[in-house]
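**Student:** These protein sequence lines map, in sequence, to chains A, B and C.
Residues 1 to 475, numbered by the numbering used here, are exactly what the first sequence covers, in order.
Residues 1001 to 1100, numbered by the numbering used here, are exactly what the second sequence covers, in order.
Residues 2001 to 2474, numbered by the numbering used here, are exactly what the third sequence covers, in order.
Because the hints were derived from the structure by calculation, they are not lab data.
Just so it is clear, the structure is predicted and the values come from calculations on it, not from any experiment.
For each residue, glycine too, the CB sits at the ideal point set by N, CA and C.
Here are the in silico distance ranges between beta carbons for each label pair:
| id | chain 1 | residue 1 | chain 2 | residue 2 | range |
| --- | --- | --- | --- | --- | --- |
| 1 | A | V286 | B | V1051 | 19 to 29 Å |
| 2 | C | G2061 | B | A1071 | 30 to 40 Å |
| 3 | A | G162 | C | R2256 | 53 to 63 Å |
| 4 | A | R474 | B | A1071 | 52 to 62 Å |
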Amino acid sequence: MTTRDGWEMVVGLEVHTELKTTTKMFCGCANEFGSEPNTNVCPVCLGLPGSLPVLNVRAVDLAMAIGFALHSTIAFSTFHRKNYFYPDMPKDFQISQYDLPINSGGYLDLPDGSRVTIERAHLEEDTGKSTHLGGSGRIHGADRSLVDYNRSGVPLVEIVSGPDIRSSAQARAYASELRGILIATGASDGRMEEGSMRIDANVSVRKPGDPLGTRCEIKNLNSLRSLQRAIDYEAQRQIELIEGGATVRQETRHWDEILGQTSTMRTKEEAEDYRYFREPDLVDLVPDEAWQDRIRAGLGKMPAEHRTELLARLKNPSPMQLEALDVVVNLGIDYLVIAALDAEKDPSLVLARAANTVASGIQNIQNLTTEAFVTAISMEQSGELSATQTNTVLLELLESGGDPKRIAADRGFEQLSSDSLGATVAALIIEHPDEWARYRDGDEKLAQFFIGQVMKITKGQANGKAVIAELQSRR
Amino acid sequence: MATPLRREDVAKVAKLARLSLSEAELDEFTAQLAQVLEHANDIAALDLEGVVPTAHPFGLINVVREDVLRASLSRDEVLAMAPDAQDGRFAVPRIMGEAP
Amino acid sequence: MRTALDIARDVRSGATTAENEMMTSLAAIRARNEELNVFLFIDEEGALDAARRVDERVTSGDDAGVLAGVPIALKDNLCTTGVPTTAGSKILKGWRPPYSATVVDRVLGAGAVPMGKTNMDEFAMGSSTETSAYGPTRNPLDVERVPGGSSGGSASAVAADMTPLSLGSDTGGSIRQPAALCGLVGVKPTYGLVSRYGLIAFASSLDQIGPFAKNVADAAALLEVIAGHDPMDSTSLPEPSPSLLLHVNDGVAGKRVALVRELFDGADDEVVAEVERAASALRDAGATIVELSVPELHLGLSAYYLIAPAEASSNLARYDGVRYGLRVDAEDVAAMNEATRTAGFGAEVKRRIMLGTYALSAGYYDAYYGQALKVRTQLIDAFRRAYLEADLLLGATAPSVAFAIGEKTADPMSMYLSDVFTIPTNLAGDAAISVPFGTGQSGLPIGVQLLGPGRSEAQLFAAARVLELADGRS
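Isolated chain A, as found in the complex (with noise of 0.2 Å):
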């Protein structure tokens, strides 16, 4: 794809991955987000004198998973020390693959049927957390720095793709069709907010069919629109450079959410000498034969398979169907799509409910059974249900996990199908047009007037919660 004025971009991305783990990658302190500063610590991940790495087996399972699904080639590897000075890297180096990863070559295929080479996917180890104290709270202008271990030693794996990417959308589906792999690997969690994966993008410009131009690194992208929004911005700026006869220069950028912009974090010339030598604390890793087999035998089918067949149930999808589809695949729940679907159900509404309401509770989808997800679409179908209702329904089974008529039941949604409850909700607000501008603008108490009205017209057959359930979702 070109740009303006025949620009073409030319873009490779590194994504890091924390590996979902129970421990860390050489200690067994716990691999947790969101603990308390400085708890899940030990003398190994402060990096205390005297102690020493043992490598975390199944960071390495998951690299291997990784590997498969990205066709890569799973050999001998080791790990080096990559020397920098930095306050939350404890041992002032990082442990890290170089010139021997576990994983090389291979490619990921995107949606839209182009594929993007993988140049590696080696493992490696996330390093501890700063805050800033005074300034702005970033780190230009800071006083103090506060630094957390928690994150140190945390397994990561950094997955390098080879400079196929021609578009910041492709980009985004790339980084996208990724994260649906290393959640069906069962390597990640994919939640980008929480850092657990991270984004640097190689950016450059040219003519086509000009050899490469001069790269610029964005570091540190931690959602798939920063990662799109920097793209863009990146190459247009370089597409201005060049064309006000300047010229690029190789540096690595920062990504600024706010104002939308890159700029300089350090210039080649400034860039550290790593001196990366084989790290004496830790043997070869050699995953033999069977080894091999067994992770292979373990992993489950990835997003393209899922795709496809998702795809195949939909008759003529609409736009619509088709991103909630990429939704669905990519949290990986698409099962429960295809559970409702193969139950009959209408995929418009199957596939709303899945892409809005499941996702939204996603960190707790090991409460919602199948047949649950099932009965409630089939309420909200069968009319038993608002869409209101379904969506409660939905959040109280992610939530605490249970059964749909019985949670309906409880909130008194069957005694009155919704249906019918809307209407009448939906006359009494149309009746009573001042009561229901003073309840929008929030006063509350008029609940108390519309229930009380519900009641009357309903020989009190009405629950409460849902009548404020309705006035709510009209507010």
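Position chains B and C relative to chain A; hints supplied.
**Tutor:** What follows is chains B and C alone, placed relative to chain A:
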């Protein structure tokens, strides 16, 4: 054959290693390190094309541990070691640049 | 002074108590510590506690351990929970680790009583215990001379009869050379035989913890206690501790021992004479002596002085003033790191950090560090060939008897050369032992060195025992 060690090499290396040297120390260290490197030139000069480097004395492989929790240290114990701490964290003077 | 095994036997039989032995040791330490500067920290409270626990085990009829009630000195690079551990450096002054090294737990488990932490060259970088930030240790046999290093404090503790046993660490000779200079048995075990967990790293691929003792049997007993697989160290050999004490009197009949020219070339005549006398003693005990030249050994020193500093430059990066130890405040964190490291490290440590940083840096890696790793391969191959010719190799431990304090401090290269015979074993990951054999004209002890392939400790102890007997030691 490696080039002889210069004073500016030592200054550069000291900076990489986060050490500051006085002018006099710089002279002294340059002379001493040059002497050691001169000795090391007997191996720098060897033709070892094709020899496999040894980083580990023994060829152990695949030493791993199970993904099982072990007790962490108590935070009080951890922060008791800290030269400066605040709000359950290690405190440091301002950080000038982002991590590479 | 009684041997460690004598003390353990008497404590277990009830003939004496651990507390009593601990008090005797404490008195000996107090009598000479000020003069010799052996202990950086005397752990009176911890020792009393440990001794009483041993006595309780004896009283209640539990197994009190093979080292029951034996006072032991620990090199100050072994982490000990709640007890100051400095590695001889100002940068760790006052640091009390929240955990103990595996070897410390193992000696405690065997009933030994740690008396405290001994002086050492800063971060084990030195051959005389003069680079310690806490002043030099003196050789108890001649207080104007060095005890050797870097484990000089641990050697002096045993030589001055303060404790019958001590632990040191050996990266390029740091146990064997001080053992030779203080008239002790000192062992550099096979790499991976003893866990390094809790040993403050100097050069990770070379470091090993090992014992000092007055005699071969005590050293064997202590090594047996500390050896064996540890899941906390990925480079730990996957096997239980070998049986060593049982084989101390196996002798050398039928063994082939090679007198290796490169392992005594350049040593003082009086040292060479003792090496040759040791060869005769082994021959008299039934060994076949062959003469061998292993020219690759000459390259060991250069390779070592690139590999060890390279690893050290990375191992010592963590002393940055952020999490523990010294901090010298400054405007920003990088300046604070630099101010802290500049004030906290001594000259020898700085020299080696810079040497290692240089050897690893862009443009020099291939010529120096990369080349040194290849030399290491050649050295390992050369040893392998030598062990086709002989079961064990024989040479000197150090080129001379103990030298005067201050004699070599101004000239780092001359100091480095005092490790020339011990370094190859560390590069190969093999085992070696230094055993006292004869004295020089000054009356100071001379050590001879026996080298064996990996896991040959039992043979080394048996051969060392032959020399011990031949030299008129019990």
